[in-house]
Each structure stands twice: as C-alpha cells, then as structure tokens.
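Heads up: the protein sequence lines correspond to chains A and B, in order. 307 is the number that our numbering gives the last residue of the first sequence; the numbers go up by one with no jumps. 294 is the number that our numbering gives the last residue of the second sequence; the numbers go up by one with no jumps.
Among the hints, erroneous ones may be present.
[To be verified] What follows is a set of in silico ranges between Cβ atoms, one per label pair, in the way DEER data are often shown:
id, chain 1, residue 1, chain 2, residue 2, range
1, A, Met143, B, Gly60, 29 to 39 Å
2, A, Ser145, B, Ala212, 18 to 28 Å
3, B, Arg280, A, Asp272, 47 to 57 Å
4, B, Asp207, A, Pro124, 39 to 49 Å
No wet-lab data here; the hints were simulated from the structure. In this text, a Cβ means the ideal position worked out from N, Cα and C, and glycines have one as well.
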Amino acid sequence: MSSKQTTMRDAVADLVRDGDTVAIEGFTHLICFAAGHEIIRQRKRDLTLARMTPDVIYDQMVAGGVARTLIFSWLGNPGVGSLHAIRRRIEDHDPAPLEIEEYSHFGMVCRYVAGASNLPFFPIRSYYESDIPTVNPKIVPMRSPYDAGDEVYVVPPLRPDVTIVHAQRADPSGDAQIWGLLGCQKEAAFAADRVIVVCEEVVEESVIRRDPNRTVIPGVVVDAVVEEPFACHPSFTQGYYDRDNAFYLEWDRIARDPETLETWLKEWVYDLGSHADYVEKWGAAHWDALRPGEALSGEVDYGRYA
Amino acid sequence: MSAATTEDLGYSKSEIMIAASSRGLAGAKNCFVGVGLPNIVCNLAQRTVARDLQLVYESGVFGARPERLPLSIGDPTLATGATAITSMFELFAFYLQAGLIDVAFLGGAQIDRFGNLNTTVIGSYDAPKVRLPGSGGACEIAIHARRILVIMRQAQRSFVNELDFRTSPGHSGDPAHDAARGWHGSGPTSVVTDLGTYGFDAATGEMTLLTMHPGVTIDDVRANTGWDPKLATDLGETPVPSAEELRLIREELDPGGVYTK
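Here chain A stands alone, though its shape is the one from the complex:
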C-alpha cells in the first residue's frame, strides 16, 4: 500500500474545506486538539462541527470563529462545568448566533451508525415523553412495521465531509489501532467522506498485522495519516499521557472572559507554527508529569496456520 503520511498542515489544508461538516471524535479520550488548532490557524470558516461532546476543543474552535453550526449531545466541560465561548454564542449571540442541532448520546451514536451503514435512518428506543424531539424535528417517532403498538424514534444518518480521529498507532496506509475508551470513532470514520488519522506513532504494517483485533479503523477508509505526538493534550492517549485535568479546570477561567480567551488563542494557537511548537512551549517537565505508570496487557496467541 502506498503511504498516506503527511503533515497536519497539509492534511487540514487538503481535506478540510470551508462549509464542511467536520467531526473530530473521541469520547473524553483521544480528542485530537492538534487538528482543531490547525483548523483555527488556517482560518477555516462556516464549518458545521459535529461531536457527541463538543468539549474544550470545540469551545476553542467556536471562539476561533470557524463554526456556523454545532451538532452535539452533551455540551459541557466534563467534570468542570460550562463551555463559556459556546454559551456566549447561544445565550447572547456574542459575537454572532450559533445554530445548534442536539440529540442524546445514543441518538448521536446511531446517526454515525446509520451514516457508516448506508441506512436512511436508525431506530432507537429513546426520546419517549422527552421535550428533545419538540426542538429537533429530525428526531421522528415511527411505528414498527411488525407491531403497530411498538413505537420507536428514528434519527437521520450523519455523514461528515471529514472525520478526524486520533489513534495510539497506525501504519503509513492508515490502518489504525486504538485501545482504551473507543467512543464512536469507528462509526464516525466509516460514515465520513474523508478521514484523517492522527497518531502518536506511525509503525510498520507488520506491527498492525501482529494484532489485527486491535485495528479499529482500516486504511481503506483513510485519506491521510499524520504522526503527531501529544496531539490530544489536554485530552489523553491511554498508555501514553494522562488527561490534563488541571488544564480543563484552567479553561473554565480562560474562557469566561472573551479577552483572556483571545489572548490564549493568540499565544497557544495563532503564534505557533505547529503542534510541535505547542509541545515545546509546554516543556518537557509538563509531559513527564503526565506520563502514566505501566499496565501491560499481556499477549495472546493468534496461532500460526501455514
């Protein structure tokens, strides 16, 4: 297979276009902040940002002015509180309104499943007697064709123009292996028109082939591979670096004040050329402090059948 390896700058320049629907997925784990920062730096505009949990990354991107619409299921700073830049857009239209389209977690997951499976909708048992469908007309009740007394709700497919996911490791053709929390990255990747895989380490194809059960996203759906260590900070990569909970708490202070936020974006995004600069700016001691202890999985024997 030919190599798809490239830089974050080129991957975002080539594959993320103004007006796109972009999904940077990863549920708390493996959120590719480096891709979000590059999208801000390249001043992409009018994006529809989809994520189950917009998290600090979309608060930064919304503050950076890249987004017109937000599709989500839980809009908060996990374990901390609010996403203040997004709240200002929604509550005060400051500095401009933000269109929103909201689901529950299961609804969002099943939108990606429908998108990945080429289905026109996906039925779930949720939303009963909730006000959510009254504010989102895309969530529609439907009677079972096999039992008129059995009602489900259906959600429409979500097919991002671009999905960006982070993996512990991938080979140059994009076969990506992930462990720890899996979120909905597989579904979001298969649902997308274009896929960028970012990883801590690009490895030989033989490393992938030694443990095929761990391959979550195959290179066949991947357009670009970017090796970018620490790309998820302040989110985390299981086994590589811890979640920087102190930064998630600090973001609450930064984002409360638009000027403080703008200063942060200038210092940590616009004035830096790349994520490598960001890693260097934090300094080695910061990364040492986030390194976890060891918890090896042990090995299994796939057997050799020659």
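Start from chain A and add chain B according to the hints.
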C-alpha cells in the same frame, strides 16, 4: 438551614448524602455511574452494601475498578483494569437498551414532583437564560435503567413546580399510564438531597419525603421546594453516616475532599 451546623454533627452535608445514597444500592448488580458524588456513592456501596456492584460508565466501560477518583466519566483510570471496554454503540444498545442496567444515577438543574429532569435550558429553548449541557445519555438512561436514583442539592430554583424543559422523563403523574409504557425502567425511585431523602408514592408517582437529615426541619424543606411537598406518614430521620462509611469516604474515596468537604 436550622441552627445545627454540619460541623456540630461530625460529618458534612455531602457525606450524609453519599452515605444515604449508597445504602440505596444494597444488592444492586450493574450500576450506571456519573462523576462527582455518584461516583463516590457507588464506590462506597461496592465496599459496604453491594460487594458485587459492577460500575458501568457511558464512556463504554463495564466493571471499572478506578484506582483514583476520576474527574470525568472518561478518565483513563476507568479503562485500566476494567472487565470490558465497549464501543459506545454497544454500551447503549446491548447493555442499556436491552435492559441489563439495574440502577443509574441522574441529576439535573431542575426536578419536578414526579421526578422529571431538566438538564437542557433555563428559560426558553430558543432564547435560553442559561444553556445547560443537554441530555448526554440521560434521556435513554431514564427510560431503560430499571430504577433511577437522583442525588442533587435542594433549592427553590432546582425543585420546581414546572420544568423549563423536560430532558429525561420521570413519572407522568398517572401510574396506569406509567405501567403501560412498556419500558424497562420504572423511573426514579429515590431522591437524596442535602436536606433529606424521598421516595415516590406508588398510587400517584409523586415524590414523598421519607426522612430529614438530623438538624433539618420541615420548614427548611418547604422553603426549598417549589411545591407543597408530600410527607410520609411515618416521616423519620436519616441515619447518620457510620464511622466506617466516613473512614472509607475520607481515607480511600475522596482523600482530597474534592467532592465531600
């Protein structure tokens, strides 16, 4: 609050909420956990009244054994050493929607007398005064978990006569309707606040005050409830946290006092 301060009693408001909630997990098997107080409640129950409790997190973890207190439901400590890690589709479809979850914790900015919860907006949806996080998994958890335990602080603004938005359904107020829903879930069965503990009346589905914490008066409860609260005929006092419960909370579960001071 009345004159008695929590310092006089030897435990904090959070600690009596945690202890009271954890006793509600006696015998539970598969529990959907949230962060903050529910996380401590479930870990306490696992060490006391529910030894076989499997901690399930919507991030896709079944049977977590966290070695530290997680700040978020996606903390890496939940993955290491877990029984299973699933995709979120599998967790919501095969575990939750199929009915494997015994009990789940939910909270909210607003609750009404029938245990319906609002985590979406204060004010109107289109022009909200406060935009809250929204459902997350709460809407489907409320429908599918066999029973729902609520833990939240009580005030006029949170215990409201009418929700601004119903994110997650509780009881309808018509038990015949509720029985005909055909859901796995039976809705909220218990609410624990900083003032007392509540059950839900079998005949009406209405929240009913069962116990008040030591030092709390009925006037305190009325002053912090947006409707005239229904009282159990045998209204009692919440048992105080035991020495062992307090030791576990302070020494093992939240030694930094992040959630319990």
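Of the hints given before, which are not true for this structure?
Structure breaks hint 4 only.
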